[in-house]
Structure formats: structure tokens, C-alpha cells
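*Asks:* Spelled out from the first residue to the last, the chains are:
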Amino acid sequence: MTRSDLYDIVIIGGGPAGLAASLYANRARYKTLVLEKVGLGGQLLSYEKVDNYPGFPEGISTFELVELFKAQAEKFGLEHRNADVTGMETEGSIQVIHTSEGDIRSKAVIVASGCSPQKLGVKGEVEYTGRGVSYCAICDGPFYRNEEVAVVGGGDTAVEEAIYLTKFASRVHLIHRRDELRAVKIIQEEAFENEKITIHWNTVVEEVIGGNQGVSELSLRDLATGKTSSLQVPGVFIFVGLIPNADFVPAGVKRDPQGFIITDDTMATAVPGLYAAGDVRSKSLRQIVTAVGDGATAAFNAGRYAESLAHA
Amino acid sequence: MAGKNVIEISDSSFEQEVLKSDLPVLVDFWAPWCGPCRAIAPVIDELSNEYAGKLKVAKCNVDENPNTPARFGIRAIPTLILFKDGNVTEQITGAVAKSQIAAAVEKVVS
Numbered sequence: 001m002t003r004s005d006l007y008d009i010v011i012i013g014g015g016p017a018g019l020a021a022s023l024y025a026n027r028a029r030y031k032t033l034v035l036e037k038v039g040l041g042g043q044l045l046s047y048e049k050v051d052n053y054p055g056f057p058e059g060i061s062t063f064e065l066v067e068l069f070k071a072q073a074e075k076f077g078l079e080h081r082n083a084d085v086t087g088m089e090t091e092g093s094i095q096v097i098h099t100s101e102g103d104i105r106s107k108a109v110i111v112a113s114g115c116s117p118q119k120l121g122v123k124g125e126v127e128y129t130g131r132g133v134s135y136c137a138i139c140d141g142p143f144y145r146n147e148e149v150a151v152v153g154g155g156d157t158a159v160e161e162a163i164y165l166t167k168f169a170s171r172v173h174l175i176h177r178r179d180e181l182r183a184v185k186i187i188q189e190e191a192f193e194n195e196k197i198t199i200h201w202n203t204v205v206e207e208v209i210g211g212n213q214g215v216s217e218l219s220l221r222d223l224a225t226g227k228t229s230s231l232q233v234p235g236v237f238i239f240v241g242l243i244p245n246a247d248f249v250p251a252g253v254k255r256d257p258q259g260f261i262i263t264d265d266t267m268a269t270a271v272p273g274l275y276a277a278g279d280v281r282s283k284s285l286r287q288i289v290t291a292v293g294d295g296a297t298a299a300f301n302a303g304r305y306a307e308s309l310a311h312a
Numbered sequence: 313m314a315g316k317n318v319i320e321i322s323d324s325s326f327e328q329e330v331l332k333s334d335l336p337v338l339v340d341f342w343a344p345w346c347g348p349c350r351a352i353a354p355v356i357d358e359l360s361n362e363y364a365g366k367l368k369v370a371k372c373n374v375d376e377n378p379n380t381p382a383r384f385g386i387r388a389i390p391t392l393i394l395f396k397d398g399n400v401t402e403q404i405t406g407a408v409a410k411s412q413i414a415a416a417v418e419k420v421v422s
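First to last, the protein sequences are chains A and B.
So for the first sequence, the working numbering puts the first residue at 1; every next one is plus one.
So for the second sequence, the working numbering puts the first residue at 313; every next one is plus one.
Any given hint could turn out to be false.
What the hints assert, rightly or not - Which chain B residues stay away from chain A? Per the calculated CB distances, all over 12 Å, these:
id	residue
1	G315
2	Q328
3	S333
4	W345
5	Q403
6	V420
Said to hold, decoys possible - Think about it this way: if two alpha-carbon atoms lie no more than 30 Å apart in a straight line, the pair counts; the simulated DSS-like pairs of lysine-lysine are:
id	chain 1	residue 1	chain 2	residue 2
7	B	K419	A	K75
8	A	K70	B	K316
9	A	K49	A	K31
10	A	K31	A	K254
11	A	K119	B	K316
12	B	K419	B	K332
13	B	K316	B	K332
14	A	K123	A	K70
15	A	K119	A	K254
Claimed, not checked - Some chain B residues judged to face chain A by a derived CB distance under 10 Å, without partners named:
id	residue
16	R387
17	P390
18	I404
In case anyone wonders, no lab produced these hints; they're calculated from the structure.
For glycine and all other residues, C-beta sits at the position ideal for the given N, C-alpha and C.
Hey, can you work out the whole structure from these sequences and the hints?
*Replies:* Below, the structure written as C-alpha cells:
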């Protein structure tokens with residue numbers, strides 16, 4: 001295959017949204033390519049187990065779920081390439097995608113590039129990333145057997161990962177800037193019942209402090225009293241939200257104030273031929289179950305768009 | 313499984329295989345329970361083939377070999393470290409794009 005080949009649909013990102021889009025696009029016999037910069041699976045691979053994906057009453061490990069998504073996409077002709085997308089532009093009615101492996105041309109594009117963890121933005125965070133500062137509990141939790149760790153955040157991910165970390169850590173300090181958690185109630189209840197979890201309410205991290213051996217302590221501030229304190233921990237896991245992976249998306253695409261891509265209910269963006277699906281999209285609930293729905297809808301409508309060009 | 317140009321190293325072979333290597337070495341610190349490590353594995357294999365003869369590519373299972381990661385302060389995986397003449401030239405944490413790893417490798421291969 002040469003790089004001048006024209007695709008009907010190119011899907012940027014090989015997570016749940018992208019793989020679902022590929023499944024629907026290939027079954028409709030559109031010439032489809034999935035671009036993934038690391039490996040198929042996306043953010044899903046940063047978690048251990050999924051308990052809320054319908055069809056798996058006992059829950060399913062994320063590894064298994066990714067393998068099942070891949071197997072089904074492959075069965076219907078998944079074509080994917082390892083490439084990092086750096087930019088996009090429109091040439092007439094054709095979308096040109098600039099990648100680390102050269103330009104790729106397509107009639108329609110589905111941006112399913114997901115999100116990255118939001119950083120706290122405090123001193124020491126970047127310096128100690130990988131040496132005590134982490135954004136992935138399943139990856140890095142086992143480095144803290146019988147040690148105390150901190151988790152920052154109050155949403156589903158922060159609280160779930162705090163619970164997960166109690167498998168390894170002797171104590172998990174959950175640091176949250178408000179006086180109540182945002183996480184769904186069933187997860188909150190589990191955290192409140194877990195004797196290894198200590199919640200620090202109305203508290204923020206002001207600095208990550210460490211030395212040659214990595215992180216040694218956190219400087220905390222109580223927002224209610226204004227008092228500062230020190231928490232001696234060798235590790236801090238940060239789950240304070242997500243930022244969209246959308247630096248390469250053209251300026252004509254409308255975004256919400258956080259930078260997520262705005263679409264209509266066909267997943268179409270403000271740029272004709274450009275669709276978005278999954279976590280990168282502006283939406284109220286970022287879950288696997290909503291990502292795959294977006295992917296299917298985007299593939300259906302991107303396909304119709306590609307056909308409309310063919311008949312023009 | 314690791315590719316044919318990727319060797320497995322341990323705490324005991326680290327000195328010989330990495331620090332005393334004539335070629336620059338890319339070490340992938342990983343573990344079976346780490347999803348992003350699995351995601352990045354095919355990229356590591358590809359790099360080992362593309363730079364065969366110029367770069368040694370090694371994998372270190374941190375579960376079975378705790379001393380080497382501790383020596384480099386590693387508390388996160390995947391971590392990739394590039395060594396040249398026994399010195400660390402680059403340390404990359406997390407599953408990053410192949411182009412980013414290749415750019416670091418380009419700096420040490422001659």
C-alpha cells in the first residue's frame with residue numbers, strides 16, 4: 001500500500017471509541033484505517049478491572065476487554081498503523097492527516113484520541129514524575145508495598161484507585177479539596193468502609209518534595225483553616241481530571257472551555273468530514289460504554305459523509 | 313513475547329549486559345500487571361529491529377528484579393532508560409509515542 005491511498009474513514013486513536021468505530025466502519029465495508037501512537041487499548045489499559053460495562057456481571061479485567069475489542073475489530077478487517085498524528089488540514093473535500101510516518105488522506109476522519117491525566121500544576125510534580133509522582137495506580141501501586149501513599153482527587157477514578165492501592169500500601173491518604181466526594185455513591189461507600197483509607201477533607205497539595213531517591217513528602221494546606229502541614233509519603237497518585245488529546249485538531253473545530261471537541265448528535269464537528277468520538281468529545285459522562293456508542297455513531301455518519309463525496 | 317532482537321536482563325546480568333555494553337542500550341522496565349507496558353511492547357520490538365546492530369534492546373521485569381529499578385529510583389512503569397558507556401542519557405516514563413523514543417535513540421546511536 002502506498003501513502004497516496006485514499007481512505008473512506010481514518011480513525012485517530014485505538015481505544016474503545018476507535019475500535020468500536022473501526023468495527024462498524026469495516027462491517028459497512030468502508031476502507032478504514034486506525035492510527036494509534038502507542039498500542040491499541042487506550043486509557044483502558046491504565047485500569048485493572050471494569051465493573052460497569054454491560055454484559056460482564058462479574059466485571060472483566062481491562063486486559064481481557066481490550067483483547068476482546070481487538071479480536072472483534074480484527075475479525076471484521078481492522079487495519080491499524082502505529083503513528084503519532086501531528087496535524088490535519090483540508091485539501092478540497094479531502095482530509096490530510098500529518099503523522100510521524102507521513103501524510104495519510106481520507107474522505108472522513110474520526111478523532112477518538114481520548115484524554116491524558118490532568119496535572120496538578122504544583123512545584124515538584126513534573127520533576128518527580130516516575131519517581132514518586134504517578135498517574136496510574138495499576139502500573140505503579142506495587143512499588144509501594146507496605147508503605148504509605150497519597151491519592152489526590154475526589155472523583156470516581158481517584159476514589160476507585162485509592163481503594164485499589166490499599167492492596168499494596170499500608171495506608172492511603174486521600175486528599176480532596178472539598179468537604180464531600182464527587183465519586184458515585186457505591187464507590188464512596190466502599191472507601192468509607194476501608195480502614196486503610198484516611199480522607200483529608202478541604203485539603204490541597206501545595207508542593208511535592210523529594211531528593212535523589214524521589215518523593216519524600218507533600219506539603220499540604222487545609223483550605224478551611226489555612227494551616228499547612230507535611231505528609232511523609234514516598235508516592236503520590238494524581239487523579240484530578242482529564243485533558244483532551246486534541247492538539248493536532250484544526251482550528252475550525254469548536255471546543256468547549258476545557259478544550260473538549262463539540263459535536264452534534266451525529267458526532268460531527270464544525271468541520272465537514274471531521275467527527276469526534278469518546279473521551280475527547282465534550283460530553284457529560286466519560287465511560288467505556290459511552291465511548292463505544294460514540295464510536296458506532298461516528299462511524300455510521302462518517303461513512304455516509306464519505307459516500308456523499310463519492311456521489312458528488 | 314519479546315522480539316528476537318530483545319534480550320531479557322536481570323539484577324545479576326545488568327552490570328555486564330548494560331553498563332559494560334559496547335553498544336548503547338535501551339532498557340524497558342516492565343511488569344506483567346502493567347497495561348501500558350503491554351501497549352508499548354510492540355513499539356520496543358520494532359525499535360529493536362530497526363536499530364539492530366546499533367542499539368542493544370533489553371527488558372527488565374521489575375517484579376523478578378527489584379534491585380535494578382530501585383537503583384535508578386524507578387517507581388513507575390513503563391520506564392525506558394537509555395545507557396551509553398554505562399551512563400544514563402535519557403529516562404522516559406509512561407507509554408509514549410514511538411517517535412519520541414526514536415528521537416532519544418537517534419542521539420546515542422552513531
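*Asks:* None of the hints should be skipped; say for each whether it holds.
*Replies:* Hints, verified against the model:
no.	hint	result
1	G315	holds (14 Å)
2	Q328	holds (25 Å)
3	S333	holds (23 Å)
4	W345	violated (7 Å)
5	Q403	violated (7 Å)
6	V420	holds (19 Å)
7	K419/B with K75/A	violated (40 Å)
8	K70/A with K316/B	holds (24 Å)
9	K49/A with K31/A	violated (33 Å)
10	K31/A with K254/A	holds (27 Å)
11	K119/A with K316/B	violated (38 Å)
12	K419/B with K332/B	holds (19 Å)
13	K316/B with K332/B	holds (21 Å)
14	K123/A with K70/A	violated (40 Å)
15	K119/A with K254/A	holds (24 Å)
16	R387	holds (5 Å)
17	P390	holds (8 Å)
18	I404	holds (8 Å)
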